[in-house]
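Asks: Residues per chain, in single letters:
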Amino acid sequence: MKLSNRALTFVLVAAAALLVPLSACGGGSGARAPAVAVPAVIPWVDIPSTPGSLAGSTSAPRACAAADLVVVAGQAGAFHGQATQELTLRNGAADACYLPGVPPAQVPGAGAQVGAGQFAAKRVDLAPGQSATLLIGTPVGCAASAQPVVATTVQLTLASGEPVAVNGTRVDTACGAPSVIGFDAVDLPDAAPGPLSTLGLSLAAPRTAARGSVLTYRVTVVNPSPASVALSPCPSYTEVLGTGAGAGAQRTLLLNCQAAPWISASAARTFEMKLSVPASTPAGTTKLSWKLEVPGGPVVGAAIAVS
Amino acid sequence: MSGLPRLRIGLLVAAVGAQILCFAATPAPTFALSNGSGAGIGIHGFDTCQDPSRAAMNAWWPNSPWWWVGAYIGGSEMACSQPNLSATWLNENRTTGWRFQFIWVGPQAPCSGFGVTFSSNTTTANQQGQHEAAAARAKLVSLGVTNGAKGSPITYDLEAFNASSCNALAAAKAFVKGWVQGLHASPALSAGVYGSTCASELQSYAGAGQPDYIWGANYDGNQRTSVMSCVSSSSWASHQRLKQYIGGHNETWGGVTMNIDTDCANGPVAPTGVNVNTSCS
Chain S
1 MKLSNRALTF
11 VLVAAAALLV
21 PLSACGGGSG
31 ARAPAVAVPA
41 VIPWVDIPST
51 PGSLAGSTSA
61 PRACAAADLV
71 VVAGQAGAFH
81 GQATQELTLR
91 NGAADACYLP
101 GVPPAQVPGA
111 GAQVGAGQFA
121 AKRVDLAPGQ
131 SATLLIGTPV
141 GCAASAQPVV
151 ATTVQLTLAS
161 GEPVAVNGTR
171 VDTACGAPSV
181 IGFDAVDLPD
191 AAPGPLSTLG
201 LSLAAPRTAA
211 RGSVLTYRVT
221 VVNPSPASVA
231 LSPCPSYTEV
241 LGTGAGAGAQ
251 RTLLLNCQAA
261 PWISASAART
271 FEMKLSVPAS
281 TPAGTTKLSW
291 KLEVPGGPVV
301 GAAIAVS
Chain C
1001 MSGLPRLRIG
1011 LLVAAVGAQI
1021 LCFAATPAPT
1031 FALSNGSGAG
1041 IGIHGFDTCQ
1051 DPSRAAMNAW
1061 WPNSPWWWVG
1071 AYIGGSEMAC
1081 SQPNLSATWL
1091 NENRTTGWRF
1101 QFIWVGPQAP
1111 CSGFGVTFSS
1121 NTTTANQQGQ
1131 HEAAAARAKL
1141 VSLGVTNGAK
1151 GSPITYDLEA
1161 FNASSCNALA
1171 AAKAFVKGWV
1181 QGLHASPALS
1191 AGVYGSTCAS
1201 ELQSYAGAGQ
1211 PDYIWGANYD
1221 GNQRTSVMSC
1231 VSSSSWASHQ
1241 RLKQYIGGHN
1251 ETWGGVTMNI
1261 DTDCANGPVA
1271 PTGVNVNTSC
1281 S
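Keeping their order, the protein sequence lines are chains S and C. By our numbering, the letter at position 299 of the first sequence is numbered 299, and the numbering carries on one by one without gaps. Take any residue in the second sequence, note its place counting from 1, add 1000, and you have its number in our numbering.
Bound-form chain C, shown alone:
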């Protein structure tokens, strides 16, 4: 083989290599999020009704003590519209360093006063829970989370209800079981439930088929997740708790003010990979 053909081949290889470099240099539109084991220990975060703009998130990352954001991704009872939520929003915030707790707000307990409620019939409520799990999973995948969102934590927002009316407590337990069953279908996600530690009856969901973790709203100002009113310290005791310990208030970081709740994670956040300290234990 003469030198000239070798040079042509070499240039071709170089050109192909350049295209590979170009492709690799383009930001990937998708990403994998996994909870992993022992993830999210001592990570402080916040949540707010409308997922914040990129400008707000960029202003808060270097200035605030918060590492993760509760990101509302959908559901028929999601209170605020989400003009900022997109695959790009997730990906760019993730690149910045933010972690997430995904929130789904679907039907609420029967006779609770909310516009959309699940059935007081436990069989139907269980099916509705599974249906909501499938919808939440599909939403997460549509937001670019790869591998069928395998391992990603999603929290069902179950607001306070009157447990003594309309068979609401039994229905809620059946619904939550359906939610967990649905998310545990392959590829399994991590199933959480958020609510008032007392008024959403979180303790009632402990036991067989329980959620992988709970996110309790308990505005006692104590960031320790082991301290939750109406929830036994022996339930969800292995890095399975998040706590919303301060309710809505304004905070300003980097010149940007938001009305937020503050939270502590001693449980899954996405993506995994950082444990800060034990202050949330």
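Looking at chain S on its own, in the form it has when it is part of the complex:
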């Protein structure tokens, strides 16, 4: 069949329209992705993989000393029916240290000891720059509430025996003795996430799935950065229908990186997914979860009614 000039022009325009989106997005500093046609929806492939290991908290080799910690009074507030005072303990040392339990605390101005409760032996490990928050609560709403007895200093005693005075607090003991009602480390953001960790996700799935059927859905992986991201080494993903031990289905597979070896700058790729819904899956509305198995990788989900 011979194409007319007009028809040929349209073919060229159509070809250009297909290629330009693959190569023109962003134009940032990253390497240019090769202009190879990629299907609009990347087909699913069944290549089992293994889930990434959970980043475990590092166990610090030594207890925190007073010189390591920067301790400041945080917000005074209201929580769980108590007046609260937050303290922040930041590890300013160059190496990790730990608090073997919530440091014993006193409120000298009120002559009161702060009860440690369940947090007395709660160990908190602090990486360099990481903080722990300590929340002190006192009862409220008693007949004496109108005449507050406020202490503006809290004194902590570290495991080494060193005292640390924290000024600027508001601990009102008019209605009773203070106690620790919260003590935990604050997660540090991922220090240097790789390019795969910055990818965004969206998921399009049917609202219902029948037990014994194959659930077909799509996950779109978005590269918000101004540089192309190579899917190499090819990342795996974990998909879960249901939650926890009661999950109806859970698999970890490799992405179809052969069909889509990169994601251009400021562009997206849509991958088809297939997941068998076991006949034993409990009926009802449950979660569908899809996680990219890279450190700090994104998770996307949806609600699905299993029938």
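Just to be clear, a hint being listed does not mean it is correct.
[To be verified] Just the calculated beta-carbon pair ranges, DEER-fashion:
1. T1252(C) <-> G284(S): 21 to 27 Å
2. N1121(C) <-> T152(S): 27 to 33 Å
3. N1121(C) <-> P282(S): 54 to 60 Å
4. V72(S) <-> G1209(C): 37 to 43 Å
[As the list claims (entries may be wrong)] Among the chain C residues that face chain S by a calculated CB cut under 7 Å, a handful are:
5. A1055
6. P1062
7. P1065
8. M1078
9. P1083
10. T1088
11. N1091
12. Q1108
13. C1111
14. F1114
15. E1159
16. A1160
Worth flagging that the hints you see were computed from the coordinates, not collected in a lab. Ideal placement from N, C-alpha and C gives every residue a C-beta, glycine not left out.
Using the hints, position chain C against chain S.
Replies: Relative to the frame of chain S, chain C by itself:
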């Protein structure tokens, strides 16, 4: 027109189309949240003093039975600092599938023992309630919630107080009315109040100008929102209740432990769109 100019035009159109595709592929920084009608039936959730990190939320989504999180967004009496809270945090958690109940912790009842309290004068307390509503709305908008946060539920955290001192009960009622009035100003949000079902006097706020919903703390272990001590079953009876039915305890999901309260929603959560079952009714 010859074929070559047509090709140039075609390439230009293709390039423009590519830019549109690129733009559309970038995650939107803002989103709309609306309560809608009958939303949030039978959705179990949790809340914790410090909004959890993304890593914790990602670990909990596929492993925990919880669908929504109580997200503290501000107020002068918010107990914990919120290093994780941001528009990105909201948007990414929403993409993951999480829903939210936004919490504002402003001034507490007079003579209650809290550091910042509202006035015992009812006129002033009403104005303060409206002021807090405006501040909470502004915070939600600053977190990227579009359309002036229209329809989004925000809960005022009013902790327990001594109703018999300092005209505190009348002041609290006036304050709550102001909170509701402020959030109902256009574009209207959904106004909720959280507190101990008895010690925060939740029943006292029923009637004209009442909150759209209540979130009662009643640690009886019974997830049914229709069962709340000191609150009549005929009040807030039309998908207008959330219940915090277990207080602070540790739970571990996906290898991450948090100290949480557990909740059941038979009322608005944001965004709308999922009803799980009737276990919270």
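Asks: Is the hint on P1062(C) kept, meaning its closest Cβ partner in chain S is under 7 Å away?
Replies: holds (4 Å)
Asks: Does the interface hint hold: is T1088(C) within less than 7 Å of chain S, judged Cβ to Cβ?
Replies: violated (10 Å)
Asks: Quick check on Q1108(C) please, does its C-beta sit within 7 Å of some C-beta on chain S?
Replies: holds (5 Å)
Asks: Any CB of chain S closer than 7 Å to the CB of E1159(C)?
Replies: holds (4 Å)
Asks: Using the C-beta atoms of N1121(C) and P282(S), is the stated range 54 to 60 Å upheld?
Replies: Roughly 55 Å apart at Cβ, these two residues keep to the hinted range, so it holds.
Asks: A closest beta-carbon separation below 7 Å is what the hint needs, so does N1091(C) meet it against chain S?
Replies: violated (9 Å)
Asks: Does C1111(C) pass the interface hint, meaning its C-beta sits closer than 7 Å to a C-beta of chain S?
Replies: Holds - the Cβ of C1111(C) comes within 7 Å of chain S, reaching about 4 Å at its closest.
Asks: Hold the hint about P1065(C) up to the distance rule: shortest CB distance to chain S must be less than 7 Å.
Replies: Result: holds, 6 Å to nearest chain S Cβ.
Asks: For the hint on F1114(C), just tell me whether its beta-carbon gets within less than 7 Å of chain S.
Replies: holds (5 Å)
Asks: Note whether the CB distance of V72(S) and G1209(C) lies within 37 to 43 Å or breaks it.
Replies: holds (42 Å)
Asks: Does the interface hint hold: is A1160(C) within less than 7 Å of chain S, judged Cβ to Cβ?
Replies: At 5 Å from the nearest chain S Cβ, A1160(C) passes the 7 Å test, so the hint holds.
Asks: At a threshold of 7 Å, is the proposed contact between P1083(C) and chain S supported by beta-carbon distances?
Replies: holds (6 Å)
Violated hints, in rising order: 10 and 11; the structure is consistent with all others.
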